[in-house]
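Enquirer: For reference, the chains in residue letters:
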Amino acid sequence: MVVMKMKFPFQKRVKLAQGLWLLSWCATVAGAITFTLGCILKTELRRRAEVMDNSDVHVVPNTLMIVGLASLGINIFASKICQDALDAERFPRWKNMLKPYFAVSCFFTVLMLLAVIMSYAMKGSLESSLKVGLKNGIRFYKDTDTPGRCFQKQNIDRLQMEFQCCGNNDFRDWFEVQWISNRYLDFSSKEVKDRIKSNVDGRYLLDGVPFSCCNPSSPRPCIQYQLTNNSAHFNYEYQTEELNLYLRGCREALVSYFMGLMNTIGAGVLSVFLLQGSVLVSLRFLQTAMEAVAGNENTEIETEGYLLEKSVKDTVMEFIEPVMQFFLFKNQVGEGSSEAPADP
Amino acid sequence: MALMLVKFDMKKRVKLAQTIWFLYWFAVMAGVLVFSMGLFFKIELRKRSELMDNNESHLLPNVLILMGLITCGVNAFGGKVCYDSLDPSKFIKWKPMLKPFLMFCVGLNGLLFVTALLCFVMRIPLQYTLAEGLKNGMRFYKDTDTPGRCYMKRTLDLMQMEFRCCGNDHYRDWFEIQWVSNRYLDFSAKEVKDRIGSNVDGQYLMDGVPFSCCNPSSPRPCIQGQMTNNTAHYSYDHYTEELNVWKRGCREAMVSYYGGLMNTIGALVLLVTMLEIAVTIGLQYINSSLSSLVNPEDPESESEGWILEKTVGETFTDIMANMKAMSKGGKVEEAEAGVATVS
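So the sequences go chain by chain: A and B.
Under this note's numbering, think of the first position of the first sequence as 183, with each following residue one higher.
Under this note's numbering, think of the first position of the second sequence as 791, with each following residue one higher.
Hints listed in this document are in silico derivations from the structure and should not be mistaken for laboratory results.
Built from N, CA and C at the ideal position, the CB exists for glycine as well.
It cannot be assumed that every hint is accurate.
[Claimed, not checked] Quick look at which bits of chain A chain B covers, simulated, 3 or more residues with Cβ under 8 Å:
(1) 295 to 309
(2) 352 to 365
(3) 401 to 409
(4) 496 to 507
[As the list claims (entries may be wrong)] If you anchor each label on the Cβ, the simulated ranges turn out as follows:
(5) B/Asn1019 <-> A/Phe369: 50 to 60 Å
(6) A/Cys332 <-> B/Asp933: 36 to 46 Å
(7) A/Asp235 <-> B/Phe812: 30 to 40 Å
(8) B/Ser1007 <-> A/Ser307: 24 to 34 Å
[Unchecked claim] Straight-line C-alpha distance at most 25 Å; calculated DMTMM-like pairs for lysine to aspartate or glutamate:
(9) B/Lys1037 <-> B/Glu966
(10) B/Lys1037 <-> A/Glu344
(11) A/Lys277 <-> A/Glu484
(12) B/Lys889 <-> B/Glu1090
(13) A/Lys281 <-> A/Glu419
(14) A/Lys277 <-> A/Glu500
(15) B/Lys980 <-> A/Glu419
(16) B/Lys837 <-> A/Glu344
(17) A/Lys375 <-> B/Glu1090
(18) A/Lys372 <-> B/Asp1027
(19) A/Lys372 <-> B/Glu1090
(20) B/Lys883 <-> B/Asp1027
(21) B/Lys1037 <-> A/Glu482
(22) B/Lys980 <-> A/Glu484
(23) B/Lys983 <-> A/Glu419
(24) A/Lys379 <-> A/Glu358
Start from the sequences and build out the full structure, keeping to the hints where you can.
Expert: Here you go:
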């Protein structure tokens, strides 16, 4: 039972070959675009690598880059094949290569679809990675003299200013951490001693945030310190003040930024996937139509083209059988050789 | 004696026409580039027009946009003429237009060169506009409730953070103006009354700067208030402290940004001018080689091409003579009209 049989008169074959040639060049450009999109995503993820705990999410841009390069190669091949397709002498030399070529192309096309699905599915992993990364970043904010951590302050400050966010979940995260280095605390003053005694770990905690949390849209100069103390500032109420600091947490801001980026890229790659799929289907039709011509004197006869010679199930079995036979054969030989010495 | 005479046979003419057609397409792209650079510069000026008192001169971007459009059109037309020059029957219809078109091209090249010079020269008025605008901008920082100025604080804060600068010339400019709005000052407090009493204008002046002056690279949390008081902060010496706030003034930062932009645009326009001169000379060669065929009937005969038919001096005297003849012709007509009215 042949899958999707279609009749191809000579003119239709010619039109198919020409259309396919154009389509395969478009698909080549699309493959290059996919590779570029993968590079862009990887660069963006690397830029914020300091606030991410693990690099699991990097599998998405890596897959996109591999698929983009593969798609470039596949489509250049496809355009070469259809250039030769109409010439009955040149076409037969492609005969042997076509089966493995289709297998490889199908594999990479399915991989492309997987990359799109992953770009939507990685949200949870990204969020948990950012949660841990930001928590560490805020903890090490004060360690500007510790090698390996001395740029945390700068990174967190720049991050908060660029993404217009404050803290991990919200600005109150800064109240639970000592973010002022001990080098700048006067341990002989009463206020410092009180604050250090007020908690178990002996940390200098205060109800203040760094300057990078300040919102420029606020009508009044930024209030950074004594945020919960209404009487410390004139005409200030902590519960109703909305414009003073950024209210959004940095984890939420970063997740929405990266998910927006990955969703846009995913949508683009999905259309590239459809284009690539149509190229492969058209090439299969062209191949089968031209194979029926081979050996005939008159190259302008009408032929039939199809997608699969047998039904889907049969074709799958055809591929799997050699693999199964390989394993079974190995087993049989093994059994035979283990039995032989037992016989006297 | 023609200027820069070159002999042309059929093959050489065809090659010349093809090369110049190709170059004309590059020149069309160059025209689009000039147009888009003018547009980009206009947008950059509009983005920060608040900081320049809405007083900035849009002459340069407008000129760039206009020249870009004209260059595009002229080059597309020139490319079409080149394409037709290979076919003698098509070329005949363009022939009468070519001389005035080439004159127009020469004029256009001169204008392009002037535009490039303008790019380099317009830095100076921009510098003054920026200085004035920033000074006023800082004065209106606190007026977040005055219509028309309520976004000045936000604009200034964002600009200081983006350009990594503080104040007009340096951060001490903030000490000389009141940048905290009166709505947030407790006039019953002694400290406020002291500060207001301490100067003639009754302004609340303090040795502090807004948060947007803070430098994230500083190892310690930002010190914004009481900056000149060493005892107010532990382990702090305001003479030697370098990383706390941005040291650069915003006027210098903006001038160098816009100056760099204008220099780049000026250099690119110069390159476009040179490309235009090259294609104009090429078209002149095509024109002269096709009009000086040894055997007018045979399109494949040899010919000569030149930039000017006579030497530069002779061409110049010819032009002057033509102009004199035209003005004399006008005078004769006036005299005749005068005679007619008198009699």
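Enquirer: Find the hints from earlier in the document that the structure breaks and name them by number, from lowest to highest.
Expert: Numbers 1, 4, 5, 7, 13, 17, 19, 20, 21 and 22, in rising order.
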